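**Q** Here are the chains, one letter per residue:
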Amino acid sequence: MTPNRSFITRISATISRVENLTALYALLVVIVAVLGLVTLPFIAYHDDQLYPKTLNPASTLDPYDRGGVPFGTTPIKAQYLENSPYAGYVTTYLTPFSQWLADTTHHMGTTIVAHPGGIIDEILYNTRGFDTVVETSILFVAFAIASYLFRRDE
Amino acid sequence: MFNLPNPQIGGPELFVLEFGDIVAYFSPYTAVLFAFALLFTVLVIVSRPERQVDIAFGGDAYYTKEVEPDLLRFQRFMAIACGLATLGAMVTGDVFNFTLFASMIGITNIGIVAAYRNRHVLNAAFQYGIVAMLATVPLFGGAAIVLSSTGTLSMWELFTAAVAVPLIAKAFLVLGVMGEGMAPFYIAKAEITRAQGAPFILMVHVSSLLLFLRVMEIVISM
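So the sequence lines, in the order shown, correspond to chains A and B.
Quick note on the numbering used here: the first sequence kicks off at 96 and runs consecutively.
Quick note on the numbering used here: the second sequence kicks off at 5 and runs consecutively.
Treat the hints as calculated values from the structure; they're not laboratory data.
Predicted, not measured: the structure shown is a model, and the values here were computed from it.
Please note: incorrect hints may appear among the correct ones.
[To be verified] Partial chain A-side listing against chain B, Cβ under 7 Å, derived:
1. 134
2. 138
3. 145
4. 147
5. 178
6. 223
7. 225
8. 227
9. 229
10. 233
[Unchecked claim] Simulated coverage check for chain B against chain A, where a stretch passes if three residues somewhere in it have a Cβ under 8 Å from a Cβ of chain A:
11. 110-119
12. 122-133
Heads up, the beta-carbon is just placed ideally off N, CA and C, and yes, glycines get one too.
The following block holds chain A by itself, in its conformation from the complex:
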């Protein structure tokens, strides 16, 4: 704790404390985020999106109506169509019960949201099924940690 410590010594002493690393990382995030805000006007939105999203409030499947006929073939947009020749939008995969629910009530869209897989929006893009597998694995690992820590002291 000498008063005339060098500049480098001070930096080294600061980042040698674990508690300060969080603040340092947050500072980095803020700097890059500000740079991002500055450069944001120069980034153009690409109109030809691979995974388009449209909202149709009148539909009973609202916010998740992607179009398509159940039990029929629906032409889909995909990066590599040859990898998923039989895929359609999620509406194509409604079971008869879900179809009946969607026809008679207005709650089918919310039912999808309330479904454990439904909060994972990617399930609605059937060409990106691997993402769904990884997302559920993350949830599973997080639950495993939480349950281990919770049950450790009994």
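Once you have looked at the hints, place chain B on chain A.
**A** For chain B alone, kept in the frame of chain A given last:
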């Protein structure tokens, strides 16, 4: 089926594994990283935890530290999960899929270090948890900017010269991986490497190192 548009960095394409739009690929670069992660996952599966002996100075006394079966089982599970996430992150050919695997590596790293009972280790794990959670913002933000500005997430498209990825998306990706891969700092600071159950800790280092190597390849190729 495909050809890597930019073979200077990863080398020529060797093998492709299709999951719909997500196409995992093995080039010499990713194959080496994959083999390395696979080797360490196998080591974690077969290895036994380190049993430490503390020697009391000034006498003949020493005492051994017990590794609880519960702790061992949980840490081995987390280390294997971390290894599998690393395997996925090494070969995936999709930006969003890569960010998912990166955040899974971050969560399993938290799990490995959070299993201890030492106070200073738990403090470090808590601090790392905050950083890893904060890092998901730039990580997924980077993937979102890539998608909105180019319209695609597939690396096979993004690596071509025709598609220009904004610099800020790359910066966000690197920053996110920095946060998720920051665990070795905390490990070194809290001196967890020599704590009981030592071999599983090494998975944290391996996964962070490989994650950095992979994100560098992605960012340079884009």
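**Q** Work down the list of hints and note, for each, if the structure agrees.
**A** Results of checking the hints against the structure:
At a threshold of 7 Å, the smallest CB-CB gap from residue 134/A to chain B is about 5 Å, leaving the interface hint in force. Interface hint status for residue 138/A: upheld, as the beta-carbon distance to the closest one in chain B is roughly 5 Å, under 7 Å. With 7 Å as the threshold, the beta carbon of residue 145/A comes within range of chain B, its nearest partner Cβ sitting at about 5 Å, so the hint holds. Interface restraint check for residue 147/A: the shortest CB-CB distance to chain B comes to about 9 Å, outside 7 Å, so the restraint is violated.
Residue-level restraint check for residue 178/A holds (minimum Cβ-Cβ distance to chain B is 4 Å; threshold 7 Å). Look at residue 223/A: its Cβ gets to within about 6 Å of chain B, closer than 7 Å, so that hint holds up. About 4 Å separates the beta-carbon of residue 225/A from the nearest beta-carbon of chain B, less than 7 Å, and the hint is met. Contact between residue 227/A and chain B, as hinted, is not supported at the beta carbon level, the nearest pair being about 10 Å apart and thus beyond 7 Å.
Satisfaction of the interface hint for residue 229/A is found here, the shortest Cβ-Cβ separation to chain B being roughly 4 Å, below the 7 Å cut-off. For residue 233/A, the suggested interface contact is upheld, since its CB lies about 5 Å from the closest CB of chain B, less than 7 Å. Taking a C-beta to C-beta cut-off of 8 Å, the region 110-119 of chain B contributes 6 residues in contact with chain A, enough for the three needed, and the coverage statement holds. Using a Cβ-Cβ cut-off of 8 Å, 3 residues of the region 122-133 of chain B lie near chain A, which meets the minimum of three, so the contact claim holds.
Violated hints, listed in ascending order, are 4, 8; each of the other numbered hints is respected by the structure.
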